[in-house]
Structures are given as structure tokens and as C-alpha cells.
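With these hints in hand, go ahead and build the complete structure from the sequences.
In this note's numbering, the protein residues as written are 821 to 987.
It is worth saying that the hints were derived from the structure and are not from the lab.
Each hint should be verified, as a subset may be incorrect.
When the alpha-carbon atoms are kept at most 20 Å apart in a straight line, the in silico DMTMM-like pairs for lysine to aspartate or glutamate are as follows [said to hold, decoys possible]:
#1 900 <-> 923
#2 925 <-> 935
#3 910 <-> 860
#4 873 <-> 935
Between beta-carbon pairs, the in silico distance windows are [to be verified]:
#5 981 <-> 913: 42 to 50 Å
#6 847 <-> 905: 41 to 49 Å
#7 975 <-> 900: 42 to 50 Å
#8 953 <-> 864: 20 to 28 Å
#9 874 <-> 900: 19 to 27 Å
Each residue gets a CB set at the ideal place from its N, CA and C atoms; glycine is no exception.
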Amino acid sequence: MKNVFYLVIVFFIPQLTFSKDTDIHFYGTLISEPCTLSLDSEEQLIDFGPIVKSTFNNNTVAAKRNVNITLNDCDISISKFVNFTFHGDKFSDNEELFAVTGEAKGIAIKLISEDGDNISPDVPMSDIELSSGTNQLNIEAMLVGYDLSKISTGSFSSVVTFSMSYD
Numbered sequence: 821m822k823n824v825f826y827l828v829i830v831f832f833i834p835q836l837t838f839s840k841d842t843d844i845h846f847y848g849t850l851i852s853e854p855c856t857l858s859l860d861s862e863e864q865l866i867d868f869g870p871i872v873k874s875t876f877n878n879n880t881v882a883a884k885r886n887v888n889i890t891l892n893d894c895d896i897s898i899s900k901f902v903n904f905t906f907h908g909d910k911f912s913d914n915e916e917l918f919a920v921t922g923e924a925k926g927i928a929i930k931l932i933s934e935d936g937d938n939i940s941p942d943v944p945m946s947d948i949e950l951s952s953g954t955n956q957l958n959i960e961a962m963l964v965g966y967d968l969s970k971i972s973t974g975s976f977s978s979v980v981t982f983s984m985s986y987d
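Shown next as C-alpha cells:
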């Protein structure tokens, strides 16, 4: 009887170990855009760090940071130009600047293109000619004190998004 019992267990063990199915899911997106946005360019955190209030004068820049947007795999047979528009809240005292939120007041973010042009909220930049392969847009973000009498200390943040269109 012992032999039969062991024999039955041996027949059931393979069925138990191989009875579960496993699925593999594949996904992606097929696009017809001339370039792909680098993953490093999608979500950027730009830290201005601590800034002493006395570094501000009216309309002076207290801190600068570089912002880089990289486009990969550009195919100029699809499009030869790209246009960027940056979106965000406008600073109430100067609508060419991006507003900040938080405890700090009287300051704003100014964006400048590598050509030295001001980048205003919701205003398309000039077209940028693409080259095959990788292209990079370099922007300078500046923390600006607009009115010295209105500047107050505290933390601040600002969210700026961008959209791209191809010509």
C-alpha cells in the first residue's frame, strides 16, 4: 500500500507545478512626430537653493540655472523646424515673467533663449531649425526680484510646462 501512495503523489506533483499560466504584456506608442523628447527633458526639477534677500535689487537677477531640452532621433524629412511655447502663470507686475507661488513675494522666473530672447508665458518662440539626430534647446532660468519693496522671504515654486509644434 505504501508503494501505491507514493506513486499517486508522483503523478500529481508535475500537474501542480506546471498548472499556472503567465502572461507577458507588451506596449508602446507609434508616433509620426519628427523627433522624440528625451526622458531627461520630461520632468525637470530646477533648484535655486537658498538666496539671500539682499542680493535682489529692482529687476535684478539673483540666481541663474540652465534648463536643457533634448530632442532625439530627429528626422528632417518629416519636419525641418520645431517651435516651443512655454506655459505657466504670468507674474502680475510683468506678464513677460512666470509667477511663483508660496511664501516668498515680489519675485518671478524669467526664461531666456540661447539667442538672448525673452521667453514669455504662452507666447510661441521663433522656429528652431532641426538637424538630423539629436537637437538641444538651451534655456537660462533666472530668479528676478521685480520690486524691492514687495520682496518677502520664504519658500517658492513655479510650474512651467512646454508644448512643441513642428513646421
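Here is how each hint holds up against the structure:
no.	hint	in the structure
1	900 <-> 923	44 Å, violated
2	925 <-> 935	29 Å, violated
3	910 <-> 860	26 Å, violated
4	873 <-> 935	29 Å, violated
5	981 <-> 913: 42 to 50 Å	22 Å, violated
6	847 <-> 905: 41 to 49 Å	29 Å, violated
7	975 <-> 900: 42 to 50 Å	43 Å, holds
8	953 <-> 864: 20 to 28 Å	22 Å, holds
9	874 <-> 900: 19 to 27 Å	48 Å, violated
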